[in-house]
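Protein chains: 2
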Amino acid sequence: MPRIIDHDERRLQVAKVVEDLVYEQGVAALTIRDVARRAGCSTSIVSHYFASKLDMLVFTHGTIRRRAEARLLAQIENGCDLVTCLRTLLPSDAEGKRDWHTFFAFWGMAPSDPEISREWLAGTSGAQDLFAMLLGHARDTGEISRSVDPTQDACKMLVIVNGISSLVQQDEASWPEERQLALLKDMLANNFGYREGHATAGAPTPLHGAKTA
Amino acid sequence: MPRIIDHDERRLQVAKVVEDLVYEQGVAALTIRDVARRAGCSTSIVSHYFASKLDMLVFTHGTIRRRAEARLLAQIENGCDLVTCLRTLLPSDAEGKRDWHTFFAFWGMAPSDPEISREWLAGTSGAQDLFAMLLGHARDTGEISRSVDPTQDACKMLVIVNGISSLVQQDEASWPEERQLALLKDMLANNFGYREGHATAGAPTPLHGAKTA
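So the protein lines, in turn, are chains A and B. Sequential numbering of the first sequence, starting at 5, is according to the working numbering. Sequential numbering of the second sequence, starting at 5, is according to the working numbering.
Misleading hints may appear alongside valid ones.
Which copy is meant is left open, because identical chains are indistinguishable; a pair holds if it fits in one copy or across any two.
Stated by the list, open to error - In silico DMTMM-like pairs for lysine to aspartate or glutamate, Cα to Cα no more than 25 Å straight-line:
| id | residue 1 | residue 2 |
| --- | --- | --- |
| 1 | K20 | D153 |
| 2 | K189 | D10 |
| 3 | K189 | D97 |
| 4 | K57 | E123 |
| 5 | K57 | D175 |
| 6 | K101 | D59 |
| 7 | K57 | E28 |
| 8 | K101 | D10 |
| 9 | K189 | D85 |
| 10 | K20 | E99 |
| 11 | K189 | E176 |
| 12 | K189 | D133 |
| 13 | K20 | D38 |
It is worth saying that the hints were derived from the structure and are not from the lab. Note that the structure is predicted; figures quoted are calculated from it, not measured.
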């Protein structure tokens, strides 16, 4: 007898299918029928879990976004250095490339829809809070300049991470991981006075800022 | 009697409709039927001009991209300063926001399709060539540091422009034009030693690099 899959688990399962199909066929070709077929269930079951294709895409974006945020938060709390933390956000492996692809696809959804703009806002504000925390930590350990204002300057970090990812997304072959990291370090040096290997040894200093939900 | 519309003109007309519909409803909801209805013609006429929905989206992206490239090239050739040139690329007005929306939507198309990856590559290489030209010009007029290597550093300019646009796209209300320009100038200063008002007066020095097609 197949085990009973609960509501949240089923939604996550469908989100994975949505991410795969959007990557393989593009968001313009996505249909509920294809999602159901790939998930091995009927369209009426998919419709039971998601009110619409839009709802499905919002949930998929949110799932990937929250996973990326949780990964970054864990690394900050573990006292990882700046580049180690940011590296996990870049499209450096197959999973990262797929996640970024979903982000870009979702940024091309209709801005007039309140569900979409709410999820966009959650994404940018979640990232800014985490980047402010990360910059505060890197400032305290001496990896970046003492003159960095974590809250004020977090948006520059977002520009750098989103910007590098946009280059990789459109020209994967030219951007192996080493090149992404070299550009990242170069821009961290220019914008935050980052100096590689300048973190003080020992336990990390207490972290700044509130945790994101 | 209605005047005869030639092939290219009709394709441009349809591209405008595609851009509008993608902005209003999102790329996931785009149908050839809706495009035909909005363009005031039958689906078979749309199908005469475009082989597929994909073909339509590739052409629409290419049209907007080439228009942005031509605008930037004209400004470089007219000897406009660095920020004036870059300002026209940012999503600062309604048209710019719509163009950027189409770019992000298109970056979320399926990477496995050769037509799409060809158009992505044309976009990044066209922008890099123009940014290298722009940086060479700004270096010669003294707006940025003499140590900037235009060809090498053009990708940083692309990171900054794409990155700022990604923030605006997802949180328009927080990013009026002045704030976009302030962040742009700040990052130009950090990454290229930009100093506002430091261009030498008089005719611009000869431009660098080859023109893009």
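Quick rundown of the hints versus the structure:
For the homomeric pair K20 and D153, neither the shortest alpha-carbon distance inside one copy (38 Å) nor that between copies (43 Å) is at most 25 Å. In this assembly of identical chains, K189 and D10 lie within 25 Å of each other by CA distance neither inside one copy nor across copies; the values are 43 Å within and 51 Å between. For a Cα distance limit of 25 Å, the shortest separation of K189 from D97 inside one copy, 18 Å, qualifies, whereas the shortest one across copies, 33 Å, does not. For a Cα distance limit of 25 Å, the shortest separation of K57 from E123 inside one copy, 15 Å, qualifies, whereas the shortest one across copies, 27 Å, does not.
With identical chains, the CA atoms of K57 and D175 are at most 25 Å apart between copies only, with a shortest distance of 23 Å across copies and 29 Å within one. For a Cα distance limit of 25 Å, the shortest separation of K101 from D59 qualifies both inside one copy, at 23 Å, and across copies, at 24 Å. In this assembly of identical chains, the alpha carbons of K57 and E28 lie at most 25 Å apart whether taken from the same copy (17 Å) or from different copies (16 Å). With identical chains, the CA atoms of K101 and D10 are never at most 25 Å apart, being 29 Å at best within one copy and 41 Å at best between copies.
Taking CA atoms no more than 25 Å apart as the test, K189 paired with D85 passes inside one copy only; the shortest distance there is 12 Å, against 28 Å between copies. With identical chains, the CA atoms of K20 and E99 are at most 25 Å apart within one copy only, with a shortest distance of 11 Å there and 34 Å across copies. Only within a single protomer do K189 and E176 lie at most 25 Å apart by alpha-carbon distance; the minimum there is 19 Å, versus 29 Å between protomers. Both within a single protomer and between protomers do K189 and D133 lie at most 25 Å apart by alpha-carbon distance, with minima of 21 Å and 23 Å respectively.
When the C-alpha separation of K20 and D38 is checked against a cutoff of 25 Å, the pair qualifies only within one copy, where the shortest distance is 13 Å, while the shortest distance between copies is 29 Å.
Checked against the numbered hints given earlier, the structure breaks hints 1, 2, 8 and satisfies all the rest.
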